[in-house]
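Residue numbers (the working numbering), protein chains in the order written: chain Y, 1 to 87; chain A, 1 to 153.
For the record, the hints were derived by calculation from the structure and aren't laboratory data.
Where hints are given, some of them may not hold.
Here are the simulated lysine-lysine pairs, DSSO-like style, with alpha carbons at most 30 Å apart [unchecked claim]: (1) A:96 to A:74; (2) Y:50 to A:15; (3) Y:71 to A:15; (4) A:96 to Y:50; (5) A:31 to Y:81; (6) Y:80 to A:33; (7) A:40 to Y:57; (8) A:15 to A:40; (9) Y:80 to A:15; (10) Y:50 to A:33; (11) Y:81 to A:15.
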Amino acid sequence: MNHFCREASQLQSNEFDRELTLSERFRLRLHLLICGACRNYADNLVLLNKFFYSLRKQTEADENITLPENKRERIQTVLKKASASNH
Amino acid sequence: MVQETLLAAWRGWEKFAGKSSVRTWLVGILKHKIIDHIRKEIRDRKLTEAVESDPTSSLFNADGSWVDAPTSWKENPEELCGSEQFQRILEGCVGKLPEKQQIVFRMRELTGEDSETICNTAEISSTHLHVLIHRARLALRTCLEHNWFRGKR
Chain Y
1 MNHFCREASQ LQSNEFDREL TLSERFRLRL HLLICGACRN YADNLVLLNK
51 FFYSLRKQTE ADENITLPEN KRERIQTVLK KASASNH
Chain A
1 MVQETLLAAW RGWEKFAGKS SVRTWLVGIL KHKIIDHIRK EIRDRKLTEA
51 VESDPTSSLF NADGSWVDAP TSWKENPEEL CGSEQFQRIL EGCVGKLPEK
101 QQIVFRMREL TGEDSETICN TAEISSTHLH VLIHRARLAL RTCLEHNWFR
151 GKR
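All chains, please: the whole structure from these sequences, using the hints.
Have a look at this one:
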């Protein structure tokens, strides 16, 4: 018997990156109904996707920590002076 | 890289019109520097499809079934984000991917670039991108299953 798992794994990954065609979607859904291993694979991918999403949010939050106002002004003054003396 | 960014910022200071915050401007320059760097890296090493390994051959039997069927993972993605141990293992797994897969995977999942940017940077077609990402996900899933999730049960 020929299993569809190999193709299914490709389609499941693609689903995150592009829209599947009607027939691809149909074949994949049908296979997932009967294949527990591929359902697990689908859940694993969703979990990883959520994990990377949270990780990116976390990184963005870290990036948004701003300099205190006085330090920012000091840096800006220094930069302005430097560019003025460049002329 | 940061040095180069600051240098570029220094030279281009007059061109900075103040339309955005200094931070956004600097991050913009840094992004371009990183993309330039990756482009150069790809050209230098002449990464080709041929040298990329295809993990699907070892993960599936000849009849198309899983060699090692994926198991159910019971963990919470937000909690995993807080686990340094998990992130270390993840980094190890990503580090083991073939280079081109690693580059596109990092751009997609870690920096969250869109497909168009990734394809342009890596100079590949979107079909090729989907294949690389699919292979990376398969390999990463297997690696995490062995090194993290299996030990947790």
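Here is how each hint holds up against the structure:
A distance of roughly 24 Å separates the Cα atoms of residue 96 (chain A) and residue 74 (chain A); the hinted pair therefore holds under the 30 Å criterion. About 40 Å separates the Cα atoms of residue 50 (chain Y) and residue 15 (chain A), which puts this hinted pair outside 30 Å; it is violated. Between residue 71 (chain Y) and residue 15 (chain A) the CA atoms are separated by roughly 23 Å; this keeps the pair inside 30 Å, and the hint holds. With a CA separation close to 22 Å, the supplied pair residue 96 (chain A) and residue 50 (chain Y) stays within the 30 Å bound.
Restraint check for residue 31 (chain A) and residue 81 (chain Y): satisfied, since their Cα atoms lie roughly 26 Å apart, inside the 30 Å limit. For the suggested pair residue 80 (chain Y) and residue 33 (chain A), the alpha carbons sit about 23 Å apart, so the restraint of at most 30 Å is met. Taking the CA atoms of residue 40 (chain A) and residue 57 (chain Y), the gap is near 29 Å; set against the 30 Å cutoff, the hint holds. A threshold of 30 Å between alpha carbons decides the hint, and for residue 15 (chain A) with residue 40 (chain A) the separation of about 26 Å falls inside it, so the pair holds.
With a CA separation close to 13 Å, the supplied pair residue 80 (chain Y) and residue 15 (chain A) stays within the 30 Å bound. Proximity of residue 50 (chain Y) to residue 33 (chain A) is assessed by CA-CA distance (about 29 Å); at most 30 Å being required, the pair is judged to hold. Distance hint between residue 81 (chain Y) and residue 15 (chain A) is fulfilled; the C-alpha atoms sit about 16 Å from each other, no more than 30 Å.
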